[in-house]
Amino acid sequence: MNIPRNSIGTWNRRGPAVLLSAASPYHTGPGHRMRGTVYPIPGLMKQTADGRDDERAKDESFARDAIPWMDDVYRFALSLTRDPSDAQDIVQETYLRAYRSWHTFDPGSDCRRWLFTICRNAFLRSRQQNRLEVEVDDGDAEAIAAAREHRAMIEDGTDRLLASVDLGPALDSALAGLDEPFRSAVQLVDVEDQSYEAAAEILGVPIGTVRSRLFRARRQMQQRLRVHAMDAGLRSVSGEGENA
Amino acid sequence: MPDNIRAIDCQNAVRQLWDYLDAELDDQRMTEVKQHLDTCRHCLEHAEFGQRFIQALKRVRDRHVMPSAVRSQVIAVLSAAGFSAE
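Chain order of the listed sequences is Z and H. Residue numbering for the first sequence follows the numbering used here, starting at 1 and increasing by one per position. Residue numbering for the second sequence follows the numbering used here, starting at 1001 and increasing by one per position.
Please note that the accuracy of each hint is not assured.
Claimed, not checked - To spell it out: a stretch of chain Z is covered by chain H in this simulated footprint if at least three of its residues, at any positions, have a beta carbon under 8 Å from a beta carbon of chain H; those stretches are:
(1) 88–100
(2) 114–123
(3) 168–176
(4) 188–201
Claimed, not checked - Chain H stretches covered by chain Z per the calculated footprint, using a threshold of three residues with CB under 8 Å from any CB of chain Z:
(5) 1026–1040
(6) 1051–1061
(7) 1070–1084
To be verified - Here are some chain Z residues pointing at chain H (derived, C-beta under 8 Å):
(8) Asp59
(9) Ala147
(10) Ala152
(11) Ile154
(12) Glu155
(13) Asp159
(14) Arg218
(15) Val227
For the record, the hints were derived by calculation from the structure and aren't laboratory data. A virtual CB, placed ideally from N, CA and C, is assigned to each residue, including glycine.
All chains should be modelled from the sequences, with the hints used to inform the complete structure.
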């Protein structure tokens, strides 16, 4: 076999040989290759048995604890973005960040809550909505107003009509019609079953703020239900329920 | 069982009604609201409607399923970052 002489230099004829370019740091000069030496490839991490075990353990715990919440994270992302394609992007970013910071997650703590927080942050970054909002915490007033409006529904017969229908579809569209920050409060507490405290942590606001957003959102949806019932022509003309 | 339960009025009960339905009150207040609902038909109507409302909202969850394409995409992105789902 004719090995051409070039800038690399001469080579011993010893069968299959690894040709290293002159640019390689392991090129030790013309004619200076040592027999039987394994030349490590630059950039390849040295894999010790311990390192492989650590990586495997990390992936196993991530697969076990984080991956199962993907549907929930998607649902939360969708409630924030209201666009399936944007939601997919948010979910991707959420899981990538979660994987990269998995070492910071306290095993045994609430992983879904942790993921929701990462998701919320990803959403805010996508909207560049990091402004601090001063909100009035008036949950009590919202609760009282909602009861007053429900009383009116009882008196005009709407409550009775709603008693016999499935509220689900109407609530679905009422929920979609809510603006932020009210929608995410309902999504977390009512749809995703989070406590006020968990929702507060996920959203990065005080509990009082969650409460007032939540109650206001519920009151708005209740108003939508009433309109929905009336629009559907379900409003009966009854002898009772005088609107005096 | 807390021993300083007070009788509360409708305004007080209604103000805490959602907290009650969400079980977000402390024991004393939970008991006070419950006792009020046991004796006040008007507030009980609000509580029953609120309960139905919240239960129906929880079922929203069942109607929104993540497309499988999203899952495979997320796994692909994670795999590129070194994740191995063995």
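Hints versus structure:
Coverage of the region 88–100 of chain Z by chain H holds [criterion: at least 3 residues with CB-CB distance below 8 Å; count 7]. With 0 residues having a Cβ less than 8 Å from any Cβ of chain H, the region 114–123 of chain Z misses the three-residue criterion, and the hint is violated. For the region 168–176 of chain Z, the proposed coverage by chain H is satisfied: 4 residues have a C-beta within less than 8 Å of a C-beta in that chain, meeting the threshold of three. Check result for the region 188–201 of chain Z against chain H: holds, 7 residues qualifying (beta carbon to beta carbon below 8 Å, three or more required).
Beta-carbon proximity to chain Z at under 8 Å applies to 0 residues in the region 1026–1040 of chain H; the threshold of 3 is not reached and the given coverage is violated. For the region 1051–1061 of chain H, the stated coverage by chain Z holds: 9 residues have a C-beta nearer than 8 Å to a C-beta of that chain, and at least 3 were required. Judged by the Cβ-Cβ criterion of 8 Å, the region 1070–1084 of chain H is covered by chain Z as claimed, because 10 of its residues qualify and three suffice. Checking Asp59/Z against chain H by beta carbon gives a least distance of about 5 Å; that is within 8 Å, so the hint holds.
Among the interface hints, the one on Ala147/Z holds; its C-beta lies about 4 Å from the nearest C-beta in chain H, closer than the 8 Å criterion. Interface hint at Ala152/Z: violated, since its Cβ lies 12 Å from the closest Cβ of chain H, which is beyond the 8 Å cut-off. Taking 8 Å as the C-beta contact cut-off toward chain H, the hint placing Ile154/Z at the interface holds, the least distance being around 6 Å. Residue-level restraint check for Glu155/Z is violated (minimum Cβ-Cβ distance to chain H is 11 Å; threshold 8 Å).
The interface hint given for Asp159/Z is met, as the beta carbon of that residue sits about 7 Å from the closest beta carbon of chain H, less than 8 Å. The closest approach between the C-beta of Arg218/Z and any C-beta of chain H is roughly 7 Å, which is under the 8 Å cut-off, so the hint is satisfied. Interface restraint check: Val227/Z against chain H, minimum CB-CB distance 15 Å, threshold 8 Å, status violated.
Hints 2, 5, 10, 12 and 15 from the earlier list are contradicted by this structure; the remaining hints agree with it.
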